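Asker: What follows is the residue order along each chain.
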Amino acid sequence: MVPRELKYSESHEWVKQEGAMVIIGITDYAQEELGDVVFVELPKVSRQLKQQESFGVAESVKAVSDLFSPVTGKVMAINETLAQQPELVNKEPYAGGWMIKVELSDNGEIANLMSAEEYEKFIQEGPK
Amino acid sequence: MDFIGNTAADNKAMQRDLGLASEEELLKDIPPDKIIRQLLALPAAASELEVKRRVQELADRNVSVSDHACFLGAGAYDHYIPSTVPVIARRGEFYTAYTPYQPEISQGTLQSIFEYQTIMCNLTGLDVANASLYDGATALYEAAHLACAHTQRNTVLLASTVHPEYRQVLRTYMQNSALIIKEISFREGIIDLADLKSQLNDQVAAVVVQQPNFFGCLENVQQMGKLAHANGSLFITSIYPISLGILQRPGEYGADIVTGEGQSLGLPVSFGGPYLGIFACRREFRRKMPGRIVGESIDNQGQRAYVLTLQTREQHIRREKATSNICSNESLCALSACVYLSSMGTAGLRNVATASLEGAHYLAGSIANLPGWKISFKAPFFNEFVATVPGNIDELNSKLLKNKIIGGLSLAKFYPELKNSVLFCVTEKRTKTEIDTLVSILKEAL
Amino acid sequence: MEKVIFEYHSQPAAYVPVTKLAVANKYIPAEFLGSVELDLPQASEQDVIRHFTALSKLNFSVDSGFYPLGSCTMKYNPKVNEAVADFDGLAGAHPYAPEESVQGALELLYELEIFLKEVSGFQGLTLQPAAGAHGESTGILLIKAYHRHKQPAQKRTIILVPDTAHGTNPATAALAGYQVRQVQSDNQGNIDLAELKKNLNANVAALMLTNPNTLGLFERNILAVSRLVHENGALLYGDGANFNALLGLVKPAELGFDVMHFNLHKTFSAPHGGGGPGAGAVGCSKELTPFLPVPRVRKNREIFTLDYQPKNSIGKIRSFYGNFLTAVRAYAYFLALGAEGIAKVGRQAILNANYLRQRLEKIYHVPYSRTCMHEFVLTPQPDWAVNTLDIAKRIIDYGFHPPTIYFPLIVHEAMMIEPTETETKETMDTFAAALVKIAQEAAQKPEILKRAPQTSPVGRIDEAQANRQLILKYEKRVSG
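Protein chains in written order, with this note's numbering: chain A, 1 to 128; chain B, 1001 to 1446; chain C, 2001 to 2480.
Looking at chain A on its own, in the form it has when it is part of the complex (with noise of 0.2 angstroms):
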């Protein structure tokens, strides 16, 4: 399940723009690979981030996964919700389990993440 309408980065994070607000998620092939989230760590709300930069982890039983920035800006606001409810990142990947809004600092970044379309091309040829 790839959304025609968010952006990919190649650490499986999804981008969705609000004006100059962007919200971030990781995607639905991210969280099969997963498995059973169990935590999320999360920024504090106002730090700063560069593009490619960790923003924090997720957790499986057995694994944990760095979460990286596809942009660059100031973190706004994280999903409280997953302190409580981790599940909702498997179970609703696009939706409840959004992880942080981040206020861009360059517009242009976004431009340069892949499509959906480029995306379902990536994970197809089995990226590692």
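Hints are computed from structural coordinates only; laboratory data are not their basis. Small disclaimer: the values here were computed from a predicted structure and weren't measured. Treat the hints with caution; some may be incorrect.
Said to hold, decoys possible - With a Cα cut of at most 20 angstroms, we get these calculated SDA-like pairs of lysine to any residue:
no., chain 1, residue 1, chain 2, residue 2
1, B, K1028, C, R2460
2, B, K1429, C, V2018
3, C, K2362, B, Q1015
4, C, K2003, B, Q1303
5, B, K1052, C, Q2103
6, C, K2311, B, K1034
7, B, K1413, C, R2460
8, B, K1034, C, E2118
9, C, K2311, C, V2294
10, C, K2079, B, V1087
11, B, K1413, C, V2294
12, B, K1374, B, K1429
13, A, K62, B, R1171
14, B, K1052, C, E2111
15, C, K2057, C, Q2454
16, A, K62, C, R2460
17, B, K1028, C, R2370
With chain A fixed as given, assemble chains B and C onto it according to the hints.
Answerer: Frame of chain A; chains B and C shown alone:
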């Protein structure tokens, strides 16, 4: 005597099935000139009877607390071990199992660890405890390391009244992770609060003390905890679990992390090991806690069941990003501690602690009356105290040994400034007669 | 299932005389005393014994059956080991008793060091590390001290680790302050020499190597590997987890290892204790010996002493002298086997593993099909609708402990089987027959495997819930 079950005929049959002309064919990957072809320089094989005879011979050349009155403590305590403890710890189902990787067939180990964790939380007054670490010294290092990682600061203020060997272990490991240890000096047997205050700064990750301290004295933990917290530092205490039968629990005086040597909870003194590293902490550090942790869950039938949890902290998943390389625990020792405290119960533990306290104060009172002897420190103490001796401690201890008494520890090795001092320990095992005998020998000897 | 010890409410027995002291504050100011009643279990002796006996019955153990857990060497634990570890003169020896009163304990440690040096070829040895991982970190600190001492100006900051390594290797190296670089294996499961050469440079302190490696394969290029490492001025660290394959067969020092840890609880038959205590002795070359932790056990005219003096020592790594009673068990094992018995261990472990491998390799997939050492790796056939976890759980129903699963990481769906030398052909035949049956089930009725285990005290456990809700201690719950 080897323990190979196959007969020569079995081995022949297996070689035949493998199509081997000789067993050597299995070794073809090994450089031929490196294969050992003659017998090694080891003793000849022995029967069980001969093995026992030889080990007995060695054992007989040691003095044992089983037939001597032991007044030596200093981190290894001769407390009474209820008969229940060895009966359970010697069950093959416990001691010949391994780490509970397959929880469906390891519920015995898992539940006993879960119970141990619960008991340690209740004993220390902290929120979470792990499944145990190697010993008191390495547990204390893990706590200091966690504090540095958590606070992002690099200095640990370490009380000079912490067990000297624990301080040495801390130094070995801290040096190698580029962390700094500064020692806090003592006065009258306890930490000098003025010195502690003067050393606090924004690089101090933790204040580390022992309660009761190495001299048996009680530190002003309430004040130290407040000072540490006011400085944004964590407060770490190393405890002697028996003392918690009467002393205030660390959780109540503000300890963030509690470690300790659990040997006193049902393990023999064992010439120093295996022992039990206790580690408990406040809830907020639970994801950074080293070692194994067991959690409760349910199985596919909805039954209560236990399983290793928070495994993502561990080295086999995080590899070079792990915060500790410890991948085992001292499960069987934790089991012994669990059986010990389950047998004793609350009143039993209080009784052990009270009897030890009382015996130590009786001995201290008697020693204070001996000519030339002095109790070194005024601070209140639990079941150990330091006395200043008017003579040679080693000679005294030799004399005591001849009378089936293991004397106290000479402090000269660890504290050159206390060269005429001896550290005595009294547990509930010591009778009034034994204490009186000790005192009468001390009196005659010097 | 057995209830929790806190759910018993009976009268505890008396174990020590009751003191007459009514209040502790006769001696200690009230501010130091506890104000709340401790919440410890309250159970009669009979209940305590029944409770823990019931728990013991929920465990699988070496004493109850075949336990082919790869890399863990679950060999039989001789009962004489336990008997001698109970001797009053050993269990009752105080670590700070005067040296002249513990000569037997010191002699035992001294002799065990000699035995371990003899089977490994190392010149120096310490028995102090409390576990394998603890031995590893001790070994790496020796390497660090050696380089710092030899070339203070040169910064060797990197440790190389093969992709087959145990997770402790990179964790240990990183915690000792090193950067970790991974070296890939070749298609035979050996270290890729070209890759190794590419990674070796003046900043490399050591290569950490397990031989046989975690695929159970002997490192065929071992002599070339050690030559390359040494030519580069680096050292070769041996992870002794798999030493059982080589016991009595090859001395690791002669393969070029500079330092290695031994697991007394694997190779030398001390029991695993449900996860510990073990012991992780470390052997090393003459060059590394000055850096060994203190104290060292010395012998001088039949008198044994503890030496704290060596000035280049890395220091103390644990209180007292390590897990002494574990050393006692290993010592008893050496005495029992003697030179004749030790000579058989590695060879028999290898024969057993190859026999079992051969019985299974036509039915399961073998990723590296060559003569193995003491263990081997299998995977499910690709067309089965089950995974390794399902097979492992089904093995429980047949009365065996499952192998190590999902390790080594470089093999997808790995199952690592180590029978050890103490198991008989008959036991291995029964196990192989069960695995053949499970393979048939996997191909024809995979749902049986998905539902397994059916015969264990509890079924598959919800690990996700355990990690989400985090119930880490018992709390009294309102019933109903």
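Asker: The structure should be examined with respect to each hint, and the outcome stated for every one.
Answerer: Now the hints, each set against the structure:
Proposed proximity of K1028/B and R2460/C is contradicted: the alpha carbons are some 42 angstroms apart, above 20 angstroms. For the given pair, K1429/B sits about 12 angstroms from V2018/C by alpha-carbon distance, which is consistent with the 20 angstroms threshold. Restraint check for K2362/C and Q1015/B: satisfied, since their Cα atoms lie roughly 18 angstroms apart, inside the 20 angstroms limit. For the hint pairing K2003/C with Q1303/B, the CA-to-CA distance comes to about 11 angstroms; that is within 20 angstroms, so the pair holds.
Among the hinted pairs, K1052/B with Q2103/C is consistent with the structure: their alpha-carbon atoms are about 18 angstroms apart, no more than 20 angstroms. A hinted pair counts as satisfied when its Cα atoms are at most 20 angstroms apart, and K2311/C with K1034/B does not qualify at roughly 35 angstroms. Taking the CA atoms of K1413/B and R2460/C, the gap is near 55 angstroms; set against the 20 angstroms cutoff, the hint is violated. For a cut-off of 20 angstroms, the pair hint linking K1034/B to E2118/C stands: about 14 angstroms separates their Cα positions.
Using a Cα cut-off of 20 angstroms, the hinted pair K2311/C and V2294/C holds, with the two alpha carbons roughly 10 angstroms apart. Of the pairs offered as hints, the one joining K2079/C and V1087/B holds, with about 15 angstroms between alpha carbons and a cut-off of 20 angstroms not exceeded. Only pairs whose Cα atoms come within 20 angstroms are accepted, and K1413/B paired with V2294/C is accepted, the gap being roughly 14 angstroms. Proximity of K1374/B to K1429/B is assessed by CA-CA distance (about 25 angstroms); at most 20 angstroms being required, the pair is judged violated.
As the CA atoms of K62/A and R1171/B are separated by approximately 33 angstroms, the hinted pair breaks the 20 angstroms bound. As the CA atoms of K1052/B and E2111/C are separated by approximately 16 angstroms, the hinted pair is consistent with the 20 angstroms bound. Distance restraint check for K2057/C and Q2454/C: the Cα-Cα separation of roughly 16 angstroms lies within the 20 angstroms cut-off, and the hinted pair is therefore satisfied. As the CA atoms of K62/A and R2460/C are separated by approximately 16 angstroms, the hinted pair is consistent with the 20 angstroms bound.
For the given pair, K1028/B sits about 11 angstroms from R2370/C by alpha-carbon distance, which is consistent with the 20 angstroms threshold.
Against the hints set out earlier in the document, violations occur for numbers 1, 6, 7, 12 and 13.
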